[in-house]
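Single-letter residue listing:
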Amino acid sequence: MASASLASARTRRLFDVALFVWGAAAAVNLAATGANDARQSAGWPYWLELVYLCSFLLAVPALAVAAWAKRRLKRHGAVVEDERTVDTHLRSLAAALAGVLAVQLPYFFQVETPSAAQAKFTVAAALVVYGAARLWFNREA
Amino acid sequence: MGAAHPLRNRIKVERARHDLTQEQLADLVGVTRKTINTVETGKFVPSTVLALKLARALHTRVEELFYLADEE
Chain A
450 MASASLASAR TRRLFDVALF VWGAAAAVNL AATGANDARQ SAGWPYWLEL
500 VYLCSFLLAV PALAVAAWAK RRLKRHGAVV EDERTVDTHL RSLAAALAGV
550 LAVQLPYFFQ VETPSAAQAK FTVAAALVVY GAARLWFNRE A
Chain B
2 MGAAHPLRNR IKVERARHDL TQEQLADLVG VTRKTINTVE TGKFVPSTVL
52 ALKLARALHT RVEELFYLAD EE
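If you read the sequences in order, they're chains A and B. Count along the first sequence from 1, add 449, and you get the number used in my numbering. Count along the second sequence from 1, add 1, and you get the number used in my numbering.
Simulated from the structure, these hints should not be mistaken for lab results. Positions of the beta carbon are idealized from the N, C-alpha and C atoms, including for glycine. Among the hints, erroneous ones may be present.
[To be verified] Capping the alpha-carbon separation at 30 Å, the derived lysine-lysine pairs in DSSO-like fashion look like this:
1. A:Lys519 <-> B:Lys35
2. A:Lys519 <-> B:Lys44
3. A:Lys523 <-> B:Lys35
4. A:Lys523 <-> B:Lys54
5. B:Lys54 <-> A:Lys519
[Said to hold, decoys possible] A few chain A positions that, by computed beta-carbon distances, are all more than 12 Å from chain B:
6. Ser457
7. Val509
8. Val549
9. Val572
10. Phe586
[Unchecked claim] Some residues of chain A that are not near chain B, with every Cβ distance over 10 Å (derived):
11. Ala458
12. Tyr495
13. Leu499
14. Pro510
15. Leu554
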């Protein structure tokens with residue numbers, strides 16, 4: 450019982466870490482493509498392409514690990530979602546919405562950016578703010 | 002109302018009386034350990050259903066487990 454509980458705790462931590470890595474890497478990946486779109490020139494700068502590639506290579510396995518960990522937790526009968534996690538999700542969504550609106554502010558001051566870049570920056574901001582809010586609301590005493 | 006009368010609880014005391022860890026109490030009521038922790042520390046106000054489940058798991062009454070700060 451104790452070892453099963455310990456395994457569940459480890460899997461839960463792995464799930465949290467994998468989800469965080471996926472969110473951060475996906476946001477960096479989107480921001481990199483958005484930055485490249487904003488440049489409006491052919492070809493990628495080497496460093497930006499490297500950032501794009503590294504974040505992609507990090508995001509995909511992290512998502513796979515998160516999905517595996519969640520399935521494992523459910524198979525072991527561990528509680529993955531309850532009223533507090535739903536509450537945290539909703540509050541984080543509200544924070545993400547505020548973040549999305551904040552990212553639109555420069556466009557009201559005639560900052561010229563292609564719409565594709567704007568969309569990617571918006572989604573990246575939503576991911577970052579959602580993740581940060583989730584970490585904050587999930588903190589323990 | 003909520004700010005003037007924050008909800009307090011005796012979960013930690015009752016949990017210790019029954020020799021239960023946060024993890025064990027969480028398993029009994031079907032929530033995560035972190036939910037028990039945040040309810041105990043007053044950061045999360047549980048629903049009526051969860052409050053009733055906690056009271057039942059700790060063999061006490063809801064009004065003995067939860068109380069308003071001005072009742073201290």
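For each hint, the structure was consulted:
1. A:Lys519 <-> B:Lys35: Since the Cα atoms of lysine 519 of chain A and lysine 35 of chain B sit roughly 17 Å apart, the hinted pair holds (cutoff 30 Å).
2. A:Lys519 <-> B:Lys44: holds (25 Å)
3. A:Lys523 <-> B:Lys35: holds (17 Å)
4. A:Lys523 <-> B:Lys54: holds (22 Å)
5. B:Lys54 <-> A:Lys519: Since the Cα atoms of lysine 54 of chain B and lysine 519 of chain A sit roughly 25 Å apart, the hinted pair holds (cutoff 30 Å).
6. Ser457: violated (9 Å)
7. Val509: For valine 509 of chain A, whose nearest Cβ neighbour in chain B is about 27 Å away, the distance exceeds 12 Å, so it holds.
8. Val549: holds (26 Å)
9. Val572: holds (28 Å)
10. Phe586: violated (9 Å)
11. Ala458: Contrary to the label, alanine 458 of chain A does not stay out of reach of chain B, its closest Cβ about 8 Å off (not over 10 Å).
12. Tyr495: Holds, since 43 Å exceeds 10 Å.
13. Leu499: holds (37 Å)
14. Pro510: Its Cβ never comes within 10 Å of chain B, the nearest being 25 Å, so this holds.
15. Leu554: holds (31 Å)
Of the numbered hints stated above, those contradicted by the structure are hints 6, 10, 11, listed in ascending order.
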